[in-house]
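Q: Protein chains in written order, with our numbering: chain Z, 10 to 524; chain S, 6 to 164.
All clues stand as given, with none of them false.
Residues from chain S that face chain Z, not an exhaustive set, calculated with beta carbons under 7 Å:
(1) PRO51
(2) LYS52
(3) LEU56
(4) THR57
(5) SER58
(6) HIS102
(7) LEU103
(8) VAL106
(9) CYS118
(10) HIS119
(11) GLY120
(12) LYS131
(13) PRO133
(14) PRO135
Derived by calculation from the structure, the hints in this document are not laboratory data.
What you are looking at is a predicted structure, and each value in this text was computed from that prediction instead of being measured.
Where is the CB? At the ideal position from N, CA and C, for every residue including glycine.
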Amino acid sequence: MDKSGRSALREIWGNLLAAPGRVYKTAFRSGRPTTDRTRSSFVFGNLFLHLHSVRTHIWSLKWSTTMGLGLISTAAFLITLVTGILLMFYYKPYPDVAYQSMKDIHFVVPTGRFIRNIHRWAANVMVVAVILHMARTFFTASYRKPREFNWLIGWGLLVTTLALSFTGYLLPWDQLAYWAITIGANIAQSPREITDALGITAYFDVGGLQRVILLGSDEVGAEALIRFYLLHVMILPLVLVSLMAVHFWRIRKDGGIARPENVDELIGDKERTSYPVFTDQPEKTYHLAAIVKGKTPAVGNGPENSLPSMPHLFYAELGVLMFTTLICLALALISDAPLKEIANPLVPENPAKAPWYFLGLQEIVSFSAFTGGIGIPALVWLGLGLIPFLDREKEGTGKWLGGPGGWSLFAWSLLVGFGASIGIEAFAIYFGWLREWFPDVPQLAITFINPGTVLTAIYAAYSIYIVRRYDSTRAGAVGLFTCFLCGFIVLTVVGTYFRGPNWEFYWTPSDWPGH
Amino acid sequence: MTTKPGKQASRFDPEPMPRRDFLGLAALGSAAAAVIFSLFGMLRLPKAAVLTSPSKKFTVTLPDSLGPEEAYVPEGRSVAVYRDAEGVFAISTICTHLGCVVNPNSEGFECPCHGSRFKSDGTVTKGPAPKALLWLKVSADGTQVQIDENEEVPAGTKV
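Bound conformation, chain Z alone:
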């Protein structure tokens, strides 16, 4: 009895020593990812990685296929998530107090300013990456069957990203924030431009309703701040995360990254021989859950031209994550996030500028609030959503500018896109617009005839010409998308760098009149 008691104690001691190793083994059941088998279980045995497939197509791993843009967006979002939670330790969403807490974050809290800088830069990187990611998906025609729905999810993610960024803009409660939100809220009210002209505002006031719901009051105050805060830290992140989950899941379900039909020819044999895996290609793979109708991804197909996701895909992803972090840290070190004077409802910031990605729209808003703030954005947004359902062609899927027209069409579209937008801007800046020529012109005329709508009409006409010339919807879509991208760039640059006090044109900020 005495003896066995001692051996039990020894066993406990032994178990205690072995515990750390056993914790590791129960957490990570497969061994080191050195064989095909352990590499596979490395992926599907891990909750966070199992959204990936076990093997990844070589085409998807090529840098030029995706440029990692989707992952950069995700990485930037994760960075804003972490830094945003840290900022919430100190930020207080109440007017004036909010500004003081921003000052605390800037000057008192250890690393506070740095964390805020990272948050701001990551948010900007995210907006840029999301726009470029959309452009990549468009120019490689990856939105086509069976990926139409995922394009729509991305379409929602774009709007959510912009909304997240814009709601964050109010929170510092400085002059920049206050006047940008005042303008934003009045843009929400701008359908009144139409209802006023028709004389029906008293019965049907969508604009007024939108503004009140956004602000919770008649003016930008405590109610508005708490609403924007709630949207920024709770509602929109939840929406974004949900959409992201569907977006990623659909990539798998839609068969991975889009690739050209003749992808095997394009890759050739050399890479297949350098990784001797699955040399005995299985005749069949079976759906594990149940026998179901329809195709399972790999039935009757060996996993040709694919590489184990561990390490090939994951190391690449890790690289992109680190690259994004590096960019955000570097920018945060170089440039401080602005914090102007405390919000003053009596003295507008001059010029009062929205976040940079809305300055192109602000250019058009400086002619008509409704057209620039609601009309054209809604039109562009609907057009983007329709792309995969209008372009049902097959040619060129998965290739940069595949399909009719190709790179020469792209070059011509760049020329038209930049030419028309620069031309119309120069014209309006030099000669003015309707109201300068005919002071009594009704606003409704300007709502429908302004540089924004004229530019849209030119682009639309060009796109129709391209559809006829190449006899292809895809060609027309390439023309239109490229043109709008050019217009966005030109208007944004003009709004950002060439507009000074009173929204007048100045070549450089040093020409601005002093106050």
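Since the structure of chain Z is provided, determine the placement of chain S on it from the hints.
A: This is chain S only, laid out in the frame that chain Z set:
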């Protein structure tokens, strides 16, 4: 399934609509109705019955030195008050375009945000403002002037 006259419907004949389908549809319908009604209920919440905006009615004493064509902007208000031979009137200095505060100058008003210009009676001469600046309700009592920023009056109303 309709039964022919004179022939007894058999309980083995398929029903026109299987009972389970009917019950399933009814359950689905009531669930949808519940969701829709509760959504409507929740949608009422974001628009408060009483808004928290501060009072926009205030009283000022105009300085005796105030000449015609000269704007008097009471401190902390977005209103320009004028006095001429016909009486006192007040024009809101909130731009009808996107709500920036316009600055009175010798010719009228000028908006810093998108460059709208207005004549001294508030009508638009330049820029994106869709309509004239609002004239506000004024009640004068000697040198005391009461102004309500929430109440609009037709342009040209002087007291």
